[in-house]
Amino acid sequence: MTREFAFPGTRARYAPDRVIDIEHIALAIEVDPAKRAVAGTATLRGMVIAPQTKTVELDAVELTIDKVAANGKPATFRHDGKKLRVELPSPLATGAELTLAIDYKGAPRRGLYFVGPDEGYPDKPSQVWTQGQDEDSRYWFPCFDAPIEKATSEVTVTVPANLFALSNGVLVSDKTSGNKRTLHWRLDVPHSCYLVTLAVGDFGTIETTWRDTPVVYYVERGREAEAERTLERTPQMLELFSNKFGVPYPYPRYAQVFVADFIFGGMENTSATTLTDTVLIDERAAIDYDIDALVAHELAHQWFGDLVTCRDWGEGWLNEGFATYAEYIWREHHEGRDAADLELEEWADSYFGEDANRYRRTIATKLFDEPIDIFDHHLYEKGGRVLHMLRHVLGDELFFKSLAHYLGKHRHGLVESRDLARAFEDVTGKVVDWFFSQWVIDGAGHPELDVSMRFDPDTSIATITIEQTQKVEGRTPLFRLPTKMRFRIGDKPDDVDVPIEIVEQKQVFHIKLEGEPTQAIFDPGRVLLAARRIDKPESVWVAELAGATLALDRAAAAQALAKRGGPNAEQALSAALEKDKFWAVRGTAAQGLGMLRTETARDRLVRRLKVEVNPRARRSIARALGEFVHDQAAAAALASVVEKGDASYFVEAEACLALGRTRASRASELLRHAATRESFTDVIRQHAYRGLAE
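Residues in the sequence shown are numbered consecutively from 1, following the numbering used here.
Keep in mind the hints are simulated off the structure, nothing from the lab. Incorrect hints may appear among the rest.
Said to hold, decoys possible - EDC-like, lysine to aspartate or glutamate: derived pairs with alpha carbons at most 20 Å apart:
#1 K484 with E501
#2 K471 with D450
#3 K430 with E397
#4 K563 with D349
#5 K105 with E62
#6 K610 with E627
#7 K35 with D66
#8 K581 with D495
#9 K105 with E57
#10 K484 with D497
#11 K244 with E397
#12 K67 with D103
#13 K54 with D80
#14 K150 with D21
#15 K54 with D21
#16 K484 with E516
#17 K82 with D369
#18 K644 with E678
#19 K124 with D32
#20 K409 with E397
#21 K506 with D535
#22 K430 with D419
#23 K35 with E62
#24 K175 with E30
#25 K581 with E332
#26 K471 with D442
#27 K581 with E570
#28 K82 with D66
#29 K83 with D21
#30 K105 with E30
#31 K492 with E516
#32 K366 with D419
#33 K35 with E119
#34 K244 with D396
#35 K35 with D261
#36 K409 with E425
#37 K484 with D495
Sequences and hints are given; from them, build the entire structure.
Here it is as structure tokens:
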């Protein structure tokens, strides 16, 4: 049941006040992996903002502060374990320069992480890495730990001589003396503290370039081939995003480093992304799996998040929504719109689930307890879907031209949602306040639409009735929804698109056509982030499954027919299983046949499992056969895959789970044996155990 996102009494969180503008951060530190400790000096140089500044407050959590100097003179300080308050030797006027040098040490429990072999994992590599987002850089160096403060940075770090250390920017020097190695990294582009990075380990290196910019991958030695396979399309992404965003990649180098036990999938540290090593892909996994979405997401942050940064975490969607949508932009470029549209549906499902089962909130919000609370499906997936809708409202040319203007205008700066809205208005002349109000700033939730379609052959008029059925209460509004109807007339091959705009709770559209439509698709490509119930004749669904232009619309027809059931639905689904050109539609048709649970549907699935060449479609067929409980033919087909294996880990894994669901007599024996097989992320073992639990 949905609840309010913020609990009663939650106070609004705004960006903190600043008395100085920190322009440069220089860390000179030594990292001791054996002691899990860090020690050194943090030097912060900046300019005074507030008049007659006497005290500077910084974040320094659970660090020991040994001494502080202000402009070279000893300064008194107070440290309560969280805040470091430095008393300046004398008040400073606005515009005065101030350099604070802070000697400190600590054994961080957050922010800077130490990993290494232990009794359970004796082969785990010894590594040290950081994770500053949201407000954890304060655990490993004193800083003003909020996005609003952006500064250039340099990290001079000493580590054991057998290890390498990576940080932001370019490597200025690398010197070894005895059993210690000191590396000096520098980034001359301002960025927020949470993006300052450090990764220490015995890394193998893969080097390539993009437009003469070094592109480097770091990974545990011996796993270089996996890293290269996993990241091989990075230069193509750099080229695509530089062109699409209208701003070339803005840093002198791009590195990606894989580390053990990373607490997220990836982190977009400026010019040096950190990735979990659990996503390293072996040759067999690469048959039907990639992490392009993750790679594209973190790379896009170099523009959206690093170059242009949300002013405070309540505007975090400006970082994460764009990075999420970049996944779509990459997939659309690399595999085509049909493949990219699948991600849109996955995002919608994630957001709808959170909205229905947890809470409903505005995308931009000041009401939260901790910043990590808002890094949810509203921020990522709903944010990405909102940008997709805006792209379709404006059109590709104006949308991407507006992004280039936004990035150029706010380069190295801080932004709020209204800055993005103004950028679109500057370029297009269109006032999009209504859009940002209902989707981002003021409105929460999404439209729920009942759509019915009828055609009068005497007048050649199609009548489309659309009703918004969501409860208009709290922050959930009545939505304004520009979209279109797509018709196919008779046996003509061309789509006829008719723009419509929904602005009322219930609207009826009368559309004059040249003849009876065989297809009548509301919101082709399912651009609107909306729950929908569509009522139209079965014959129209059948025609759309057979011939709609977009795969997502064919898949929607397959799902509708599966719910209807009956011989016409089975025939249409069977034809799509055999003939559709896109693997995901064949997979959806397979799922539909599984829902019908007829013998003829089962026989078609069994036959198709043997000849389907696309492994992702084979996964769906195997999953569908799991619907046939206590069915010997379905179980035998699945048992064959489990016994003999499949070129794809994931097909084999899906067959294990589906076999368990059939509850066949031999399932237990076969699944116990399958559970002994090694596979990428243990996917076969996991599914075998899940099958045994059925």
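Review point. Going straight from one Cα to the other, do K124 and D32 come out at no more than 20 Å?
Key: holds (18 Å)
Review point. For the pair supplied as a hint, K35 and E62, is the alpha-carbon distance within the 20 Å limit?
Key: holds (16 Å)
Practice item. Quickly compare the C-alpha distance for K105 and E57 to 20 Å and report which way the hint goes. Key: holds (18 Å)
Point to revise | 20 Å Cα cutoff - pair K471, D450 | key: holds (13 Å)
Check your understanding: CA of K150 to CA of D21, is that 20 Å or under?
Key -> holds (8 Å)
Check your understanding: Holds or violated: are the alpha carbons of K430 and D419 at most 20 Å from each other?
Key -> holds (14 Å)
Review point. For the pair supplied as a hint, K492 and E516, is the alpha-carbon distance within the 20 Å limit?
Key: This hinted pair holds, its Cα atoms lying about 11 Å apart.
Practice item. Decide if the proposed pair is consistent with the structure: K409 and E397, CA atoms, cutoff 20 Å inclusive. Key: holds (18 Å)
Point to revise | Pair hint K471 and D442, alpha-carbon separation not exceeding 20 Å | key: Distance of about 16 Å is within 20 Å: holds.
Exercise for review: Decide if the proposed pair is consistent with the structure: K506 and D535, CA atoms, cutoff 20 Å inclusive.
Suggested key: Holds, because 15 Å separates the two Cα atoms, which is no more than 20 Å.
Review point. If you draw a straight line from the CA of K54 to the CA of D80, is it 20 Å or shorter?
Key: holds (19 Å)
Check your understanding: Are the Cα atoms of K366 and D419 separated by 20 Å or less?
Key -> This hinted pair holds, its Cα atoms lying about 17 Å apart.
Checked against the numbered hints above, the structure breaks none of them.
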